[in-house]
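Peer 1: Given the coordinates of chain A, work out where chain B should sit on it, guided by the hints.
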Amino acid sequence: MKKNTFVTPLVLTLALLFIYAPILILALYSFTDAASIGESLHFSVQNYVTLFTTEELADMIKGTLLLALIVAVISTILGTLGAMGSFYSKPGMSAAYRIANQVPVVNADVVTGFSICILLVVVFGISKDTFFPLVAGQTVICAPFVYLSVYPKLGQMDPAIYEAALDLGASPQVAVRKVVIPQIMPGIVSGFVMAVTLSLDDYFVATYTKPASFDTISTYVVNATRGSQTQIKTALWALSTVIFLIVLVICIVMNRKSISGEKRSARKARRANA
Amino acid sequence: MKGTFQRKYLGIPYALYLLVFVILPLVVIVSYAFTDSNGKPGIGNLLNFFTDPNTLGTLVYSLVLAFVTTLICLLIAYPVGYLLAMSSIRSKGAILMLMIMPMWINFTLRITALKELLTMFEGNLAFHPFMNSVIGMTYDFLPFMILPIYNQISRIDKSLLEAAADLGADPTQAFIRVMLPLSMPGVISGISMVFLPAMTNYVVLDMLYNSTYIMGSLIGSYFSAYDWHGGSMISLILLIMICLFTLLAGKDESQGNVRGGSVL
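Residue numbers (our numbering), protein chains in the order written: chain A, 1 to 274; chain B, 1 to 264.
Worth flagging that the hints you see were computed from the coordinates, not collected in a lab. Incorrect hints may have been included.
[Unchecked claim] Covered stretches of chain A (chain B as the covering partner; in silico rule of three or more C-beta atoms under 8 Å from a C-beta of chain B):
#1 19-28
#2 35-49
#3 53-63
#4 117-127
#5 131-142
#6 166-178
#7 221-235
[Said to hold, decoys possible] Once the Cα atoms are required to be at most 25 Å apart in a straight line, the calculated DSS-like pairs of lysine-lysine come out as:
#8 A:K178 / A:K90
#9 B:K8 / A:K90
#10 A:K153 / A:K233
#11 B:K92 / A:K257
#12 A:K178 / B:K8
#13 A:K153 / A:K178
#14 B:K8 / A:K153
#15 B:K158 / B:K92
#16 A:K62 / A:K128
#17 A:K233 / A:K62
#18 A:K90 / A:K153
The structure presented is a predicted model; accordingly, all values stated were derived computationally and were not measured. In this text, a Cβ means the ideal position worked out from N, Cα and C, and glycines have one as well.
The following block holds chain A by itself, in its conformation from the complex:
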């Protein structure tokens, strides 16, 4: 494996370069007054001023975040309840849950968005302006991932704890709330985070179900690339940079946490052995 001391860093660096070159170059140019990449660099924060002072942009970003939060909360509640219901059902019923849950996961988002739109808007005649098709549709693509993230946690739980709670006089409802839910909390939290990111990343369901006057970041960006408003276009470079930095910070924090967690458990293990 000696040759890998040279090959591995080279391959990994090239891959990272491919992944990050566009984002980083765009970030660099977001701090200039250039209208396209490759122009000479003149430092300017105009894009950031536009991003934070244009009402249209601010509304769009706030709307996207609010939508993601609402969808993630609904998805987390539904997905968690679904995972528990499915886990404690008979095998046949549990399989039915699993298969139905898997449909939006493997399905193409275009098809999901289109079919939700036909059902709710064309067949049921619900107006897109009510936001109901949008929220219901995004929940369809988010809730299954909450289910998938909670379900394995139920399997890892010791079933005797729930029985013990019942023996000690807790009602089933109380036992679920005070014993089961805390045990599966990590799954619920990571499901919630996934739901938020999936909603933020969604384009197809939004474009088929959203009110005409409402835009998410995705639909807004796609329209802006078709349009010719240079000022808005370059302000989106600033938005891209801000989002990149936020995600980067979150990743670094999570990485630190998992490393220190590993160290802590390693230390614990060592102490237990000693």
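Peer 2: Quick look at chain B alone, frame taken from chain A:
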């Protein structure tokens, strides 16, 4: 103390939700696909699809595009996943995180960045539609190929490779006969994460000012023309392909977590 509450009842809201918003739309798609705009049942939409050279051309084009994209993703992701999983560098977790991080950045913004960069090199992107489509799709979906391959390879017991060497296999033989077969589940999971989106995510092409059509674009254009029946037929054809694909790829349910981007 025998209340009426049972834990399985907790699933009722989600069961109803799945019925109404997942199963019912599929029923509607099928029924719209086999009716015309007057509501008369028939296979006109199906015949239209298979007799129109444009739609057939789109199907072939999307298959070729998805195939080439998947192949290139695989050619990049396998060495990356393999080398990262086998290496002993300390910052492995951080590097994996960097590889996966784009999943959490809105894809339209990432494609915008790619488009600006490509435009600088190529000028008008419409001159090389196929090449730019492949670059765009590869850029968008690469992390979804790296993650399952990495996960699978890092799970492989490395002593198996030593055993192969002890039994007289040279490194190439050990790789081909031990590593490659054992890493296959990750490869298959990665392929299923890339192939279908590459057939349907037409926004990537739209954003790169690309005038070519893939299967997803057909749904988009039927949608804009308010032709629910034609759009439903395309959706149904895609659904059937997805079903076949899922059956072929096997019951790998870990892919749900890959798409959700859960590395932790």
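Peer 1: Indicate, hint by hint, whether the structure satisfies it.
Peer 2: Each hint, compared with the structure:
1. 19-28: Three-residue rule met by the segment 19-28 of chain A, so holds; n is 7.
2. 35-49: holds (count 3)
3. 53-63: Violated: only 0 residues of the segment 53-63 of chain A have a Cβ under 8 Å from chain B.
4. 117-127: holds (count 5)
5. 131-142: holds (count 4)
6. 166-178: This one holds; 4 residues, not fewer than the three required, reach chain B with a Cβ under 8 Å.
7. 221-235: Satisfied; 4 residues make the cut.
8. A:K178 / A:K90: holds (24 Å)
9. B:K8 / A:K90: Measuring from Cα to Cα gives roughly 9 Å; hence the hint holds.
10. A:K153 / A:K233: Not OK: K153 of chain A and K233 of chain A at ~44 Å, beyond 25 Å, violated.
11. B:K92 / A:K257: holds (15 Å)
12. A:K178 / B:K8: holds (17 Å)
13. A:K153 / A:K178: holds (16 Å)
14. B:K8 / A:K153: The hint holds at about 16 Å.
15. B:K158 / B:K92: holds (17 Å)
16. A:K62 / A:K128: At roughly 19 Å apart (the allowed maximum being 25 Å), K128 of chain A and K62 of chain A satisfy the hint.
17. A:K233 / A:K62: Measuring from Cα to Cα gives roughly 18 Å; hence the hint holds.
18. A:K90 / A:K153: Given pair K90 of chain A, K153 of chain A holds - Cα atoms ~18 Å apart, limit 25 Å.
Hint compliance for this structure: hints 3, 10 are not met, and every other hint is.
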